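Peer 1: Next come the chains, spelled out residue by residue.
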Amino acid sequence: MPPKAAGSCQVQDEESLVRRAQKHDQEAFAQIYEEYFDKIYRYITLKIGDAVEAEDLTQQVFLNSLRSISSFRWKGKPFSAWLYRIAHNQVVDFLRKKKRTTVPLEETLASGGDNPQLAAERKLDVEQVLAAARRLTDAQREVISLRFTSELSIAQVAEVMGKSQGAVKALQHSGIVALRRVLSVTQNE
Amino acid sequence: MNNKEFDNIFNDCLERLLIKGESLEQCLAHYPEQAAELKPLLETALAAREASTIQPRPDFRARARYQFQAALKETAAGKSRTSWGWFPRWATVMAIVLALVLSGGGTVFAADSSMPDSPLYSVKLATEQVRLTLTPSQIAKAKLCAQLADRRVAEIAYMADKGDVEQVEILTRRLDEKLELLVVFIEGRGGIHLPGMMMAPPQEEAAAPPATYEAPPPTEDAASPPVAMTAPDKGWGGRDDSTQNGNRHELRNTLVSDAASNRAVLRAGLDDVPESARDALRRALAVSEEGYEEALDALE
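Respectively, the protein sequence lines represent chains A and B.
According to the working numbering, the first sequence is numbered sequentially starting from 1.
According to the working numbering, the second sequence is numbered sequentially starting from 1.
Watch out, some of these pointers could steer you wrong.
Only pairs whose alpha carbons sit at most 16 Å apart, straight line, appear in this in silico EDC-like list of lysine to aspartate or glutamate [unchecked claim]:
1. A:Lys23 with B:Glu74
2. B:Lys73 with B:Glu250
3. B:Lys39 with B:Glu15
4. B:Lys39 with B:Asp12
5. B:Lys20 with A:Glu151
6. B:Lys162 with B:Asp279
7. B:Lys73 with A:Asp25
8. A:Lys163 with A:Asp138
9. B:Lys39 with B:Asp7
Treat the hints as calculated values from the structure; they're not laboratory data.
No experiment lies behind these values; they were computed from the predicted model shown.
Modelling step: build the complete structure from the supplied sequences, incorporating the hints.
Peer 2: Here it is as structure tokens:
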């Protein structure tokens with residue numbers, strides 16, 4: 001996760017960088033690209049659960065942002081919120097085309113018989129987390145993805161999702177609880 | 001305790017654990033009453049954090065960077081201009097025809113974005129040489145050299161990401177050649193028979209195309225168009241002073257931008273590439289910086 005709060009200096013730097021990028025300053029856009037590329041990739045990977053498919057989508061996010069950056073306006077929201085919104089839309093389009101649906105957690109998990117303590121002691125790998133994340137609700141997965149793989153603060157996640165910080169914290173809590181249940185079941189199988 | 005209070009406590013523990021670097025035990029010590037409930041959730045959060053170790057594949061990262069850089073340049077230069085934009089239409093047609101003769105089939109277009117580890121890369125180099133030869137004026141040649149130098153930088157970044165030191169060094173030499181050629185054209189010293197322009201690629205370039213495709217290396221005989229096909233060299237456009245000044249100004253802006261973006265690309269690579277490729281990448285960076293500096297000096 002990033003430092004708790006971005007200082008005003010950092011915000012000004014990013015604003016300056018984005019303004020330069022809007023004027024087709026290639027170096028500025030290259031810096032933005034390097035700064036966000038991995039984060040956006042991880043965000044998409046966790047959202048769709050497929051690291052290879054996430055590659056093309058990530059590249060498309062940056063090509064789309066390049067085409068539309070002139071339309072970005074500073075309205076008190078961080079630039080990252082705009083970029084993640086593009087990524088979110090890209091994912092939505094992708095999932096719509098694939099007609100992939102998320103099966104609600106409550107419908108698929110047995111309520112008993114799992115052993116969370118034992119499961120927690122086992123090492124979890126990335127693939128397990130990705131697979132488990134598919135079983136979360138869209139909102140839970142969004143929060144987990146933004147918080148834990150893209151390393152955004154609660155305030156930044158709230159901006160991206162258009163929700164209050166309290167709502168994001170609640171989703172963070174319910175998402176982790178749900179993730180734990182899925183991982184417990186998976187590891188006991 | 002209501003849910004909201006627990007959400008806040010849980011979030012505070014996450015901040016302590018993941019940002020401040022406290023241990024799980026230290027976090028739990030702050031909330032002894034909730035420790036039993038918090039512990040399994042924080043363990044799961046740590047597992048989720050593991051997912052943050054996902055990294056794009058080096059191949060993909062390098063190719064994506066190259067494609068993005070190309071799109072960036074195209075956007076900056078205006079949507080109307082394609083990567084063939086500096087090239088007169090008749091010459092573009094001739095270049096494609098010649099390259100097709102050289103390479104056969106519809107490989108030229110696919111080759112245009114190929115990388116040195118691709119079977120089509122030799123087609124790309126051959127096409128570039130044909131384009132350079134058929135470009136009529138010194139200014140257009142200079143601009144084309146700048147484009148080709150850009151390509152070499154993107155290829156260097158790509159091969160460095162893959163840890164291929166030998167290719168990085170070969171590409172660095174090609175970059176150096178292109179930047180030197182750029183200076184030659186800027187200074188108006190470029191004639192039809194410039195060294196390196198229509199010669200076959202150096203031995204290592206043509207040496208090892210994979211067995212699936214073997215493009216013949218361009219040769220003097222095959223690739224050089226008849227002299228009559230080459231438009232008379234008009235130096236900096238052969239026009240009035242204001243046009244020449246405009247061309248120089250435009251080229252200067254392009255080079256300033258290219259120098260900065262290529263420096264950024266190569267420097268960014270230093271953080272990502274395998275340790276074994278870093279020295280070669282540093283040399284490429286030095287060649288790039290020096291080459292652009294000389295080109296800009298030549299424009300003064």
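Peer 1: Does each hint hold? Answer for all of them.
Peer 2: We went through each hint and held it up to the structure:
Taken as a hint, the A:Lys23 and B:Glu74 pair is honoured in the structure, with Cα atoms around 14 Å apart against an allowance of 16 Å. In summary, the hint linking B:Lys73 to B:Glu250 is supported, as the alpha carbons are separated by about 14 Å, within the 16 Å threshold. A C-alpha spacing of about 14 Å is found between B:Lys39 and B:Glu15, which places the hinted pair at or below 16 Å, so the restraint holds. Restraint check for B:Lys39 and B:Asp12: satisfied, since their Cα atoms lie roughly 13 Å apart, inside the 16 Å limit.
For a cut-off of 16 Å, the pair hint linking B:Lys20 to A:Glu151 stands: about 14 Å separates their Cα positions. Taken as a hint, the B:Lys162 and B:Asp279 pair is honoured in the structure, with Cα atoms around 14 Å apart against an allowance of 16 Å. Between B:Lys73 and A:Asp25, the direct Cα distance comes to roughly 10 Å. Compliance with the 16 Å bound is thereby established for this hinted pair. Between the alpha carbons of A:Lys163 and A:Asp138 the distance comes to roughly 14 Å, so the proposed pair stays at or under 16 Å and holds.
Taking the CA atoms of B:Lys39 and B:Asp7, the gap is near 14 Å; set against the 16 Å cutoff, the hint holds.
Checked against the numbered hints above, the structure breaks none of them.
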